[in-house]
Each structure stands twice: as structure tokens, then as C-alpha cells.
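Residue numbers (the numbering used here), protein chains in the order written: chain A, 55 to 368; chain R, 47 to 551; chain U, 231 to 393.
Keep in mind the hints are simulated off the structure, nothing from the lab. Be aware that a few hints might be false.
What the hints assert, rightly or not - Far from chain U, by Cβ distances over 10 Å, these chain R residues were calculated:
{"#": "1", "residue": "F52"}
{"#": "2", "residue": "L101"}
{"#": "3", "residue": "D102"}
{"#": "4", "residue": "I250"}
{"#": "5", "residue": "A290"}
{"#": "6", "residue": "D292"}
{"#": "7", "residue": "F305"}
{"#": "8", "residue": "G340"}
{"#": "9", "residue": "P399"}
{"#": "10", "residue": "Q400"}
{"#": "11", "residue": "L421"}
{"#": "12", "residue": "L423"}
{"#": "13", "residue": "L430"}
{"#": "14", "residue": "L464"}
{"#": "15", "residue": "L497"}
{"#": "16", "residue": "F512"}
Stated by the list, open to error - The calculated SDA-like cross-link candidates involving lysine to any residue, where the alpha carbons are at most 25 Å apart (straight line), are:
{"#": "17", "chain 1": "A", "residue 1": "K332", "chain 2": "R", "residue 2": "L380"}
{"#": "18", "chain 1": "A", "residue 1": "K262", "chain 2": "R", "residue 2": "P179"}
{"#": "19", "chain 1": "A", "residue 1": "K262", "chain 2": "A", "residue 2": "K226"}
{"#": "20", "chain 1": "U", "residue 1": "K312", "chain 2": "R", "residue 2": "F476"}
{"#": "21", "chain 1": "A", "residue 1": "K107", "chain 2": "U", "residue 2": "I258"}
{"#": "22", "chain 1": "A", "residue 1": "K325", "chain 2": "R", "residue 2": "P103"}
{"#": "23", "chain 1": "A", "residue 1": "K131", "chain 2": "U", "residue 2": "E309"}
Unchecked claim - Here are a few chain R residues that face chain U, going by a calculated C-beta distance under 10 Å:
{"#": "24", "residue": "Q236"}
{"#": "25", "residue": "G425"}
{"#": "26", "residue": "S504"}
All C-beta atoms, glycine included, are put in the ideal place defined by N, C-alpha and C.
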Amino acid sequence: MKHFILASIVAGAMALPAAAADYTIMAPAGPGGGWDQTARSLQAAMQQEGISKNVQVLNVPGAGGTIGLAQFASQQKGNANALIVGGYVMVGAILTNKAPVTLKDVTPIARLTGEDEAIVVPAASPLKSIDDLIAALKKDPGSVTWGGGSAGGVDHIAAGLIAKAAGVDPTKVNYIAFAGGGEALAAILGSYVTVGISGYGEFESQIKSGTLRLLATSGEKRVPGADAPTLKEAGLDIAVQNWRMVAAGPGLTAEQKAAITADVKKLATSKTWQETLKTKGWQDTYLDGDAFSQQLAKDISATETVLKEIGLVK
Amino acid sequence: MSTFEFLLQGLMTAAQPMNLLYALIGVTLGTAVGVLPGIGPALTVALLLPVTYRLDPAGSLIMFAGIYYGGMYGGSTTSILLNTPGESASIVTALEGNKMARAGRGGPALATAAIGSFVAGLIATIGLAFIAPLVVKLALVFGPREYFALMVLAFVTVSSAFGDSTLRGLTSLFIGLAFSLVGIDQLTGQTRLAFGVPDLLDGIEVTTMAVAMFAIGETLFIAAQGDKGPDKVEAVKGSVWMNAADWARSWKPWLRGTFIGFPIGAMPAGGAEIGTFLSYATEKKLSKHPEEFGHGAIEGVAGPEAANNASAAGTLVPLLTLGLPTTATAAIMLAGFQQYGLQPGPLLFATNPQLVWGLIASLLIANFMLLVLNLPLVGLWVRLLTIPKPWLYAGILLFATLGTIGANPSVFELGMLLTFGLLGYLMRVFGYPIAPVVVGLILGPLAEQQLRRALAISQGDFTVLFTSPIAAGLLTVAFLALAVPLILRARGRGEVLSQMAADED
Amino acid sequence: MNQEPVKQAEERRPDWAALVIAAVLVVIAAVIFADASRLREVMGYSPVGPATVPMVIAFVLILLAVWTVFAAFRHDFPEREKQEVQPVAWIVGGLAAQMLLLNTAGFSIATGVLFAATAAGFGKRRFWISLPVGMVLCLIVWLIFAGLLQLSLPAGPLERLFQ
Numbered sequence: 055m056k057h058f059i060l061a062s063i064v065a066g067a068m069a070l071p072a073a074a075a076d077y078t079i080m081a082p083a084g085p086g087g088g089w090d091q092t093a094r095s096l097q098a099a100m101q102q103e104g105i106s107k108n109v110q111v112l113n114v115p116g117a118g119g120t121i122g123l124a125q126f127a128s129q130q131k132g133n134a135n136a137l138i139v140g141g142y143v144m145v146g147a148i149l150t151n152k153a154p155v156t157l158k159d160v161t162p163i164a165r166l167t168g169e170d171e172a173i174v175v176p177a178a179s180p181l182k183s184i185d186d187l188i189a190a191l192k193k194d195p196g197s198v199t200w201g202g203g204s205a206g207g208v209d210h211i212a213a214g215l216i217a218k219a220a221g222v223d224p225t226k227v228n229y230i231a232f233a234g235g236g237e238a239l240a241a242i243l244g245s246y247v248t249v250g251i252s253g254y255g256e257f258e259s260q261i262k263s264g265t266l267r268l269l270a271t272s273g274e275k276r277v278p279g280a281d282a283p284t285l286k287e288a289g290l291d292i293a294v295q296n297w298r299m300v301a302a303g304p305g306l307t308a309e310q311k312a313a314i315t316a317d318v319k320k321l322a323t324s325k326t327w328q329e330t331l332k333t334k335g336w337q338d339t340y341l342d343g344d345a346f347s348q349q350l351a352k353d354i355s356a357t358e359t360v361l362k363e364i365g366l367v368k
Numbered sequence: 047m048s049t050f051e052f053l054l055q056g057l058m059t060a061a062q063p064m065n066l067l068y069a070l071i072g073v074t075l076g077t078a079v080g081v082l083p084g085i086g087p088a089l090t091v092a093l094l095l096p097v098t099y100r101l102d103p104a105g106s107l108i109m110f111a112g113i114y115y116g117g118m119y120g121g122s123t124t125s126i127l128l129n130t131p132g133e134s135a136s137i138v139t140a141l142e143g144n145k146m147a148r149a150g151r152g153g154p155a156l157a158t159a160a161i162g163s164f165v166a167g168l169i170a171t172i173g174l175a176f177i178a179p180l181v182v183k184l185a186l187v188f189g190p191r192e193y194f195a196l197m198v199l200a201f202v203t204v205s206s207a208f209g210d211s212t213l214r215g216l217t218s219l220f221i222g223l224a225f226s227l228v229g230i231d232q233l234t235g236q237t238r239l240a241f242g243v244p245d246l247l248d249g250i251e252v253t254t255m256a257v258a259m260f261a262i263g264e265t266l267f268i269a270a271q272g273d274k275g276p277d278k279v280e281a282v283k284g285s286v287w288m289n290a291a292d293w294a295r296s297w298k299p300w301l302r303g304t305f306i307g308f309p310i311g312a313m314p315a316g317g318a319e320i321g322t323f324l325s326y327a328t329e330k331k332l333s334k335h336p337e338e339f340g341h342g343a344i345e346g347v348a349g350p351e352a353a354n355n356a357s358a359a360g361t362l363v364p365l366l367t368l369g370l371p372t373t374a375t376a377a378i379m380l381a382g383f384q385q386y387g388l389q390p391g392p393l394l395f396a397t398n399p400q401l402v403w404g405l406i407a408s409l410l411i412a413n414f415m416l417l418v419l420n421l422p423l424v425g426l427w428v429r430l431l432t433i434p435k436p437w438l439y440a441g442i443l444l445f446a447t448l449g450t451i452g453a454n455p456s457v458f459e460l461g462m463l464l465t466f467g468l469l470g471y472l473m474r475v476f477g478y479p480i481a482p483v484v485v486g487l488i489l490g491p492l493a494e495q496q497l498r499r500a501l502a503i504s505q506g507d508f509t510v511l512f513t514s515p516i517a518a519g520l521l522t523v524a525f526l527a528l529a530v531p532l533i534l535r536a537r538g539r540g541e542v543l544s545q546m547a548a549d550e551d
Numbered sequence: 231m232n233q234e235p236v237k238q239a240e241e242r243r244p245d246w247a248a249l250v251i252a253a254v255l256v257v258i259a260a261v262i263f264a265d266a267s268r269l270r271e272v273m274g275y276s277p278v279g280p281a282t283v284p285m286v287i288a289f290v291l292i293l294l295a296v297w298t299v300f301a302a303f304r305h306d307f308p309e310r311e312k313q314e315v316q317p318v319a320w321i322v323g324g325l326a327a328q329m330l331l332l333n334t335a336g337f338s339i340a341t342g343v344l345f346a347a348t349a350a351g352f353g354k355r356r357f358w359i360s361l362p363v364g365m366v367l368c369l370i371v372w373l374i375f376a377g378l379l380q381l382s383l384p385a386g387p388l389e390r391l392f393q
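Next up, chain A with everything else stripped away, as it sits in the complex (with noise of 0.2 Å):
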């Protein structure tokens, strides 16, 4: 009884189609995080653009997306309608829990967006510049605590990097490990941590308002808007950006391929999309074809080095 008013309370509501879905796109995570809000911007996207009609949005949440990964690829062979959604977090997860699925197992198509690490310390903080922080680094790496996201994820590399570029032991990195970017954010402001380490967006409205100050981001180019130099013009020789991308299924048709990687193009060309990248603060890192897979070899193997270095993978 209930089903039947709620049915029509809905229907009549709404008077959703419930036509096929053109595409489903995995988010390899729970609801609410950045791969999750990657899916259903594409999913709105896609369908206001009329790439697709209709798009479903799946959320295989756990282990930084590898058991999404890992169900995606046994079930998606030669399926040319079902996306995933992928990134940074998922080589460096691929490589800590020695997934036995990894990004060749599916086809990657374009990377779409990137973030550029911030490195923050409170307003209160003796630390003025990223000068400050390595100096206290090098002096006694353990009374630098880092609070950033998951360990092993691309806040932590981006420490450890950071701790090597400045001839500090990256095993002596003094990383604790938050949930997730608002339970480090409080750690930060409530100076719990010395320094916080995450995605720039996590932390613009709070240097904006000028609660925590920026000392530096992790990218080739300053972030606009932000008055704080990058890593590279402070001297440490690093790059780091947390991109994210899209992937198709194993086993599909040059065709196929070509058809997928047509429509994401179109799609991250299209005005919604850029509007979306904007509302978010997401940089647009679009990247498709062999230079992606040559980016992607790159990023993994660099990676692994980092992870290795810092201790998190033999």
C-alpha cells in the first residue's frame, strides 16, 4: 500500500523517465567524495548535454577504489557502456594492498581534472613560509606532524617527497593518517597538527578567510588566485597533482575506444562540463590518447618509488 502512494507521490513529482541507461559509471568509493562528485558531475553532464540519455551512477566504495576496480574489471569485459571513474589514489592503493587488479586490466580513457596539493599551517603558526617548515623539518623531522588524508594516499607521497627533496629521511615523516579531508582540516585549525597536506579545495575558503595560511602548492604553475609560491620555485624539485580520470572496460574494440574516448572528449569540451570544473575549483588536465598512457606509466612508476622510499611498500 505504502509503495503504491509513494509510486505516485513520486511520479507525479517528478515524472522521471525510466528509460535504459546509456552509460554506468562506477565511482570506486562512497558517496560524497571526490570521485563520487567526478561521477555525478559527468552523470548531469552527459545527460544535459544529450551525450547520453540516460546515466547511472554506481558507487563501489572500499580500499581506495580497488575493489572497484577489481569488480569493474571482471564484469565489465567488452562492455563499451559502462565507465569508471578513477585517479591518483587508486595507483598509489593498487600498490599498498598489492592489488591483484591494477589499471591494465581496464582501458583508461582521458584524464579529465587535477588538484594541486596545499600545504597549510593555522594562522597562529610560527611557520611564515615553506622556508620555516623545512628548516624545522631537517632540524627534528619527528616534531613536524602532517595531517593530511589515508595513508599511503597522495597526501602522504606529496610529504614524503617533500621530506626527500629536502634531504630529510621521507621514513622519518611524522604523517597522521585522518579519515578524511574535514577531520584533518579540524585537526589543523584546532593545531593538533604542525602542517596540513591535502587538495587545495579543501582548504581555499579557510585561507581566504585567512584562518590558515598557504605556504606553498604542489603543482607546475601557482594556483591563480593564491599568494604562495610552488614547491619548484622554493626550491624542492617536485610536481604532484592529484588527477582524475576516467576508465573504460578490458577487452573492447579499437572502435569502441575510439567511440568512448569521442564522447568524453565532447563532453569535456562542452560548456556544462567547464561550468562544472569552475563551481567545483577542479583544473581542467584534459589528456586522452597515448599521452595519457605515457602520463600514467609515468605517474605509476614514480610512485612506486615514493611509496617504497617512504617505507609503505617493500
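Since the structure of chain A is provided, determine the placement of chains R and U on it from the hints.
Only chains R and U this time, still in chain A's reference frame:
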């Protein structure tokens, strides 16, 4: 304009007939998806958020508020009627609520939950409007060591759900703690007890465990009694509504639950379920009828339900004042706000007063709609229990598995549901309490991580755990809660010596 | 309170089920010990590492097992009601069937089987009624939650009729 005028203006907008309808639709949708066991508010909001995009900003904000409160409330109904908690925050509700429903008092249980949620939502939303900046300062004082102390306190309170045997209660708790070890250790990235199974890397999902232990374990247990039990539950004994005594016993727990739940919800790592545990323990300690706890005490429904809803509003405090999403639900809401051109953060109240007050007004309206929707339905819901047992339990299993499949359509997850269902059944057969297992699963990792974070920050100095005033205060309360009953028992040993000799555990 | 006041003093046989429970607790503790001992201790700033808490939990489980053995000899466990095995088997079978059928037969058929099996566990064995009722009910649920609310529930032959 003053804050009060902003709020008034927001309320005027929200109270337009069309917007009221949107609020009602939002609350209905939120409740409908939220009742599914295993699908918590986060997924509910994620699924339904796109629906709101079709409306104008005011309408969509209002519908969104409805979905949020509806999703938070949805789990209570199934907890009370079917002993199937929809999400971790309504586990405690099932303890007393279902006992009440079994005794023909499902009506009052649902009513006290609905009214308690309304009262808590009202007070907490007003709190959000006027004292948010203050509360958030308090919340930020909590660092790892303070959270660790809070978890210790929460652990002590679990003992109030132990039932009649300390041995079996402790065993249940440690079985839960053992399960909580499964998965990737968040602080070092190493896997524990996953045995190479990828599905175990992220640990055991609390909702899967809760649904299996409560709904499936219970179904198996009832079925195994054969024809011994009564064929039907007597759905209504006495009035469907709360009587004078129910009111008298409910109003204080509502208020206490609100004051426990709101600040804990506002803490970045507090979590709605911690507030419900603390509220339950408080009510049991303060109740004039402690003997009724475990057999259907209305205070045990009223307090935790209020705490649950108050913490839902509490979550919005760091979100709106700091732009800090402290739960998955809040992270999705953040994405939703961006749709309205609203960038939560320290400057929000200054730069976007119309929208903020519009949202707060919407929450007040949604909270009211929740009551409008749920109170008249109480009579209908209670009738569910009059369905003959075979069809009732077949339906319960349908919805229990639907939630799990919807949240994560994997065969492995269903396998876990079956395994834990059998475990829940066996534990019932041997008289082990169920709730401590789930509580251990929730609290174990939180306590461990906060302890290790605190120690890593202090570089191994254990004294930091006691040197902050808040941590020391919380630990003292925990110690007293543990020690005082023991001392009292020791004093009265003369009279009860014979009883203790007979059953010292 | 003593739940078994009539228990005779000469009844010296221990409660075997309780001994089995104690053994299970020891086994769980052993598994945790074995797993924890293989963990690498990385990043030594916290003296409480990834293996410490598992060790403590395993140790307490052993203590609880010992306590349970004492309880078994003292008959501290409440009297158990006689359990019927057949209904439990029906429901467990229904859940197992749903698990195996879900991805091939789709949500409605798999869950319809669970529905009918559960009803059978409670004594309603008329499958020509319970199976179709269950499947239709599940299909309605599927249409609402997967069709309208976009929840991802696996589709099978029945669901495809409506896509």
C-alpha cells in the same frame, strides 16, 4: 537586517504553499529511501539530490532539507517495528523500541521517536542559527586525545547494554572489537585480518553487520521457536498514542538527548551514533524505572532518537561555519550547496545571509513536515505488525537484503549478511547480547586511531592523554561511571551476598 | 539472580556448548595473534603500532575464554529453548539462493525465492502462491527504487521487460 529578520523572511518564503509541498515531497522521499536498512542518510541524499536540481533555488533548498531530515529519521521506524536498524545511529533505538513494539506499545514508541526528533530538530536548528560560531569553537578544541577520552567514555556506557551477564556482555563486545580489526589500518595502510580477500580490505560495513545481527538473526531465532510463540504480535495494547505517563517520561529524555547529540554532532569526529550511546546510558542511569530497560523503556527510545536528530543538525555547524564536511552526508551536501552558488566556509554567514537563513528556515519547515508526515502514519505503521508472521518476516528479509544490495550490489556482501545473521542467531540462542558487538565494531577503530594519532603527535609521550583538561574530565567521568556502581555494590554486599554468590557475573 | 534455582548440586557435567564457545574464542584469539605478528612496524612515532591493539584484543579474548570455561562448569548459562532446525534451514537456504541467483536472475527472481523460502520457514509451504507473490512484490520494489529513485539493483529477465 538583523539575524532575526533574515530568519523571519526565510520562514515566510518557506511557508508558501508550493514550498510546503516541496518540503513534504522531500521528507517523504527521504523517509522512503532512508527506511531501507543499510542505506543511510549519505546515500539517500546522494541518490535524491539530482531531484532537487529541477526546482528553483528556494524550492530545491527546501526539498533538500526535507530529504536530509527524512533520511535521518527514516531508520527509526524500521528499528522500532522490525528490529532492523536502518543505519548505525538508530541501533540504540531498536534496543528498547522493538521491545515496546513487541509488547503492543509500538504506537507510543513511534510517537515518542517522532516527537522527540521534532523537538530535538527544532532546538538544534535554532541552536545552529544562533550559537553555531560558539559551538564550533568548542568542537575544534577536540583533538585526538580528547576524542580518545570521549571514546573511552562511550565504551564505559556500552556496559549499560550488556544485559544480565557481564561475561556474555564483555564477550559480545570483544567479538565486535575483533571484527573491527578487519581491513586496512588507516594509519599505516597495512591490512589486518583480510586474508587476501579484496572485499575485506575496507573492513566490515557497520550497517551490514547491524542488519544481519538484528534483522536476520532475529528472523532465524523466531523461526526456530516453531509454533511455540504466539502466531501474531498484539499490535496495539492500550492506546496507539502516548498516554500521560509516556509524556511525563519522555520530555526530559528529549531535552537531554538534544543537549548530548547537538554538540557531539558538531564535533568533526564525533559521529551521530556516539551521541545515541551516551544518551541511552544517561537515560538508564537517571531513569526511575531502570528495571524496564531491556524490556521496553520509553526513555530508551526518546533520548537516543532526540540525540540522533540533534546531531544531524549539529553536523551542519562545522559545515556552514567552517566549510568542514565532517560526515559523508555533509560532503554530499557541500556538493549540493555549490549548486546554489553557496560556498560554505567562514565567510558564509557574512556573504550569503539570505541563503543561509533560507536553509535554516527550510530545515525548520522540513522538521515540522516530518512530524506532519509521521504522526498520522503511526497508526498505519503499527498495523504492519498484524501481518501474519510468515509474510511479515518474508517482507523483513526482502527489505533487509534490498538495503544491502542497493548500497553495494555484491555477492560477497550478501554472504557476510548470511554469516553474521547466523552468528546473531547463535548468540541469541546462548543468551549473548547483540548490541555490544555492533558497538564494538563502531567504537573499536575510532578509539584505536585517535589513541595512535595522539601518541604519534606527542612522539610517544603517554602523559598527553591526561594533561588536557577536557580529556582528563572525560576520563574522570568514565572512571566514575565505572567505579561508583562497583563501590555501591560492595557497600550493599551484606544483603545481596547470597545473590552474588549465585551469579557473580 | 540465579536463573536456575532447581539445578541439582550433583549435576556435575559441564555445559558442553559453553566449552565449545570458549574454544571458538581461543581460535579467534589465535588467528588475531598470528595475523598481528606478521605486521611490519612502520613509522615508529607512536608506541602503539598497528599490531598492539589486535594483541590486546586477542589477549582479552583468551581471558574471556577461561572465564567461559569456569561458567560452563558452574552452569551459569541460561537454560536454552529447544531449537527447530528445519525453519532455520529454509531461511538460510533462501538467503544462499538469493546470493547465488542475484547477478544472473536479477533482483526480483532472486529475492522472490528468498521471500518464498522465508515464508516456508514459518510454515507457509504453498509455493505456487508465495513464489509469484514474492516476485511481483520484489518487481514493484525494483520499479520504485531502481526505476524511479535510481538505486542500482541488478536487473534480470523480469526487470528487462520494463526497461
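Right, here's what the structure says about each hint:
no.	hint	verdict
1	F52	34 Å, holds
2	L101	17 Å, holds
3	D102	22 Å, holds
4	I250	14 Å, holds
5	A290	32 Å, holds
6	D292	28 Å, holds
7	F305	32 Å, holds
8	G340	13 Å, holds
9	P399	34 Å, holds
10	Q400	31 Å, holds
11	L421	24 Å, holds
12	L423	18 Å, holds
13	L430	14 Å, holds
14	L464	5 Å, violated
15	L497	6 Å, violated
16	F512	16 Å, holds
17	A:K332 with R:L380	15 Å, holds
18	A:K262 with R:P179	18 Å, holds
19	A:K262 with A:K226	32 Å, violated
20	U:K312 with R:F476	11 Å, holds
21	A:K107 with U:I258	51 Å, violated
22	A:K325 with R:P103	21 Å, holds
23	A:K131 with U:E309	55 Å, violated
24	Q236	5 Å, holds
25	G425	23 Å, violated
26	S504	9 Å, holds
In the structure shown, a violation is registered for the earlier hints numbered 14, 15, 19, 21, 23, 25, in ascending order.
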